[in-house]
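Going down the list, the protein sequences come from chains A and B.
Note that this note's numbering has the first sequence beginning at 9, numbered continuously upward.
Note that this note's numbering has the second sequence beginning at 3, numbered continuously upward.
I should point out that these hints are in silico values taken from the structure, not numbers from a laboratory.
Note that the structure is predicted; figures quoted are calculated from it, not measured.
Any given hint could turn out to be false.
[Unchecked claim] Covered stretches of chain B (chain A as the covering partner; in silico rule of three or more C-beta atoms under 8 Å from a C-beta of chain A):
#, region
1, 38-47
2, 64-73
[To be verified] Label pairs and their computed distance ranges (CB to CB):
#, chain 1, residue 1, chain 2, residue 2, range
3, A, 109, B, 18, 43 to 51 Å
4, B, 3, A, 175, 37 to 45 Å
5, A, 15, B, 18, 22 to 30 Å
6, A, 186, B, 31, 32 to 40 Å
7, A, 121, B, 83, 30 to 38 Å
8, A, 202, B, 12, 51 to 59 Å
Ideal Cβ positions, reconstructed from N, Cα and C, are used throughout, including at glycine.
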Amino acid sequence: MTTDKLRAILRRDLLTAVRHRSGFVMTFVGVFTELAAFYFLSRAIGPSFRPGGVEYFPFLLVGTGVFTFFVMSAQAFLSAVQEAQQTGTLEVLMTTSTEPAELVILSSISAFAGNLVNLVIYLAAGVAVFRASIHANFLSCAVVLILSLAIALALGIIAATLQVAFQKGAALLGLLSSGIWFLSGAMFPVESLPRPLELLARAVPLTYAIEGMRSALLEGRSVMAMASTFAALAGFAVVMLPLALAALSLSLRRARQNGTLSFY
Amino acid sequence: MDRVVFESVDKKFRHRPALFNWLGKERGGETIALKNVAFSVGPAEVLVLLGPNGSGKTTTLKLISTMLLPDGGSVRVGGFDTQHDAGKVRRQVGIAVAAERSFFPRLSARENLEFFAALDEVPRRERAQRINDVLRDCGLDEQADTLVMKFSSGMYQRLGIARALVKRPSVLLLDEPTRSLDAATTAHFWATIRALAARQTTILLATHNFAEAAAVGDRLLLLHRGEMLANRSLGEGESAEALRSFYFRTTGEIDERVL
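Here chain A stands alone, though its shape is the one from the complex (with noise of 0.2 Å):
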């Protein structure tokens, strides 16, 4: 049932951005023109840069396709919650029989695997428009790639919450993406931040989803060289997905006794 359930929610989300035919074109146009500022900011600055051992310009599409990733996926996420709660949607659907987390689960994840699809587009223009040279073990990057998406759910549930709770979810969000942004990784090596601001920068889970893809992704790193950077990541999934579905829930029951579900 749960399949059948994600199948149709896949299905909406799809025929809706299909239908969305300028928005569609403008997300590949935007890929291209980012991926070719980064390569010629990378040209710019030359060869003898190597973060971490590799070359700039594979670092910053690894970098800024995993942030962009997370980031977006987030902000779908919201936008859905968001214009369900304007068009009265979200009051309707909270009536259905399916339970009010499997609902939010089921649409993070459409919101995610449309995002998913980005980045391995992102990833592969990279490579072959662009010439990144990469030596993947694909083993490391699925595992990379499937705790990351825990952490991305959780991060997507945390603003629903807040914006079914406060109706403030995308001011948090950006305020969120501008600091992750800058301590994440996603531009330049984080051990070049002063002491303070690096020890911040390994508190965050996307730090260790962005050197994780690189290491796998670029390096060619194996599961068993990575164990320290899957156990972080693992650690942050477990404490905040359970956190971020009771927040959810208590949010929800308050919007129902308050009847604001459909407050915007």
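For this one, chain A is given, so just place chain B on it according to the hints.
Quick look at chain B alone, frame taken from chain A:
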């Protein structure tokens, strides 16, 4: 056994003024939406909720659907409490809300119904047939494959009713269901309501339309400022005119037609 039971239900909405309220004049305080309301509805019964704007009709329907939770008392549907067994309640209830545009605009009518039917756990093998049936019953078969962003108000309203019917609920909640419908569609809809009641569906219908109340109702619940003023059977052949006089006599509101 009664299918919907309200026991001493209270519901109020609190308004917190904005943080920088000196910039505007937002009112704080609370609105009492329902005060000590108690009633029950059985299978095959059509209960009409009448009352002026803000009397608590929509709040009553939302409490049954679990969109809202009561502050005091209890609401039970099919023996299940809406606070503690919300999932079991939702499986039994279908609601057509007054918010007409609660659909996904870039999906067709059929695609919207397929989506909601999946979430309502309508078996896959029955889904296509059920959707065809409700689209026909609601007069939308010709617009089934039109994107709903192109729909008129009346078509949205019909689609809302179709969505509520597709899960074949044992309790059907309708909030001003014919507000934007033309005369022929309204007459057809009233016949559909009576047919559903004959198949043991419990129906609660909020309306301002006395003709509608007289045409489909078995019983009448009159609400005024959150309080229940009347809960009585509708007599066989009771006219819309008789209902109208009862309404104004009981609520104490002024009927400008007789001035």
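Hint by hint, here is what the structure shows:
no.: 1; hint: 38-47; result: violated (count 0)
no.: 2; hint: 64-73; result: holds (count 7)
no.: 3; hint: A/109 x B/18: 43 to 51 Å; result: 27 Å, violated
no.: 4; hint: B/3 x A/175: 37 to 45 Å; result: 41 Å, holds
no.: 5; hint: A/15 x B/18: 22 to 30 Å; result: 41 Å, violated
no.: 6; hint: A/186 x B/31: 32 to 40 Å; result: 38 Å, holds
no.: 7; hint: A/121 x B/83: 30 to 38 Å; result: 37 Å, holds
no.: 8; hint: A/202 x B/12: 51 to 59 Å; result: 57 Å, holds
In terms of the numbered hints stated before, the structure departs from hints 1, 3, 5, listed from lowest to highest.
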